[in-house]
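Peer 1: Residue numbers (our numbering), protein chains in the order written: chain H, -13 to 59; chain S, 19 to 150.
Read the hints as simulated data drawn from the structure, not as lab findings. Don't take each hint at face value.
[Claimed, not checked] Only pairs whose alpha carbons sit at most 30 Å apart, straight line, appear in this in silico DSBU-like list of lysine-lysine:
(1) S/K31 with S/K87
(2) S/K31 with H/K28
(3) H/K58 with S/K31
(4) S/K112 with S/K123
(5) S/K63 with S/K123
(6) S/K63 with H/K28
(7) S/K123 with S/K96
(8) H/K28 with S/K30
(9) S/K30 with S/K96
(10) S/K63 with S/K30
(11) S/K63 with S/K31
(12) H/K28 with S/K71
(13) S/K112 with S/K71
(14) S/K112 with S/K144
(15) S/K144 with H/K58
(16) H/K28 with S/K118
(17) S/K144 with H/K28
(18) S/K118 with S/K71
(19) S/K30 with H/K58
(20) S/K30 with S/K123
(21) S/K63 with S/K112
(22) S/K118 with H/K58
(23) S/K118 with S/K30
(24) S/K118 with S/K144
(25) S/K87 with S/K144
(26) S/K71 with S/K144
(27) S/K118 with S/K63
(28) S/K123 with S/K31
(29) S/K31 with S/K144
(30) S/K87 with H/K28
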Amino acid sequence: MNEIDTLLFIDIIQDNGAHGPYDCREVDGDRFEAYIGVNGNKVQICSSDEFLTKTVANEYCRQLGLNHLIGKI
Amino acid sequence: MSNEKPTFIQFKKGRIDYGFYWIRKQEGDYFSCYIPAYDLYFSCKADVATATKRAANMVRAFLDFWRIKEGNRSFFLKLHSLGFRTHNHNFTLKQLLNNKNIETKFSAEEGNIPDAFEGLEINAEKGELVFS
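So that you can see chain H by itself, here it is in the shape it has in the complex:
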């Protein structure tokens, strides 16, 4: 399976130290949430859909400094 449930992904990153959502906003029907990574980066995550591709989930992990999760999502 190439996708992960979006809410599950958010639970995982929060449990691994990402803070947030620091900001939530909707633009034209799409939902975006900002999280603060363990490296201090503010990362905008698109949570519009039920699923995220693992490619995108892994990139979110890298941006959030959660490198130990890359490839394990």
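Please build the complex by placing chain S on the supplied structure of chain H, with the hints as guidance.
Peer 2: Showing chain S alone in chain H's frame:
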């Protein structure tokens, strides 16, 4: 792809005009997408119209987040850290950080494209933010 560089953000009185690239990669029933200039990722159902709209919405949300939530100073510093540069950059940036209202245009190279998105079709979009 043309030689035109559509990645820019232009500050005018009461408005911001901007342009950007986005790249998509099909993975099963989904697209994984990347916007290099702003280092933004998103995924969506594999439909070009949906992805195009979401790319525009994501950039809009990014600009609103940094401009409104974080404030002008953080916004300009974020643009600098992403690689955006303007004419006489150091002087202009310092003016902007000191709350001087200057009409200026920043542009950026497309940045480093991750291996997963290398060699894929690049799409160009433009948008505008108007505020009072």
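Peer 1: If a hint holds in the structure, say so; if it does not, say that too.
Peer 2: Here is what the structure says about each hint:
{"no.": "1", "hint": "S/K31 with S/K87", "result": "20 Å, holds"}
{"no.": "2", "hint": "S/K31 with H/K28", "result": "28 Å, holds"}
{"no.": "3", "hint": "H/K58 with S/K31", "result": "47 Å, violated"}
{"no.": "4", "hint": "S/K112 with S/K123", "result": "15 Å, holds"}
{"no.": "5", "hint": "S/K63 with S/K123", "result": "34 Å, violated"}
{"no.": "6", "hint": "S/K63 with H/K28", "result": "25 Å, holds"}
{"no.": "7", "hint": "S/K123 with S/K96", "result": "15 Å, holds"}
{"no.": "8", "hint": "H/K28 with S/K30", "result": "27 Å, holds"}
{"no.": "9", "hint": "S/K30 with S/K96", "result": "19 Å, holds"}
{"no.": "10", "hint": "S/K63 with S/K30", "result": "35 Å, violated"}
{"no.": "11", "hint": "S/K63 with S/K31", "result": "37 Å, violated"}
{"no.": "12", "hint": "H/K28 with S/K71", "result": "23 Å, holds"}
{"no.": "13", "hint": "S/K112 with S/K71", "result": "34 Å, violated"}
{"no.": "14", "hint": "S/K112 with S/K144", "result": "27 Å, holds"}
{"no.": "15", "hint": "S/K144 with H/K58", "result": "36 Å, violated"}
{"no.": "16", "hint": "H/K28 with S/K118", "result": "26 Å, holds"}
{"no.": "17", "hint": "S/K144 with H/K28", "result": "24 Å, holds"}
{"no.": "18", "hint": "S/K118 with S/K71", "result": "33 Å, violated"}
{"no.": "19", "hint": "S/K30 with H/K58", "result": "45 Å, violated"}
{"no.": "20", "hint": "S/K30 with S/K123", "result": "9 Å, holds"}
{"no.": "21", "hint": "S/K63 with S/K112", "result": "42 Å, violated"}
{"no.": "22", "hint": "S/K118 with H/K58", "result": "47 Å, violated"}
{"no.": "23", "hint": "S/K118 with S/K30", "result": "13 Å, holds"}
{"no.": "24", "hint": "S/K118 with S/K144", "result": "26 Å, holds"}
{"no.": "25", "hint": "S/K87 with S/K144", "result": "23 Å, holds"}
{"no.": "26", "hint": "S/K71 with S/K144", "result": "11 Å, holds"}
{"no.": "27", "hint": "S/K118 with S/K63", "result": "43 Å, violated"}
{"no.": "28", "hint": "S/K123 with S/K31", "result": "12 Å, holds"}
{"no.": "29", "hint": "S/K31 with S/K144", "result": "18 Å, holds"}
{"no.": "30", "hint": "S/K87 with H/K28", "result": "12 Å, holds"}
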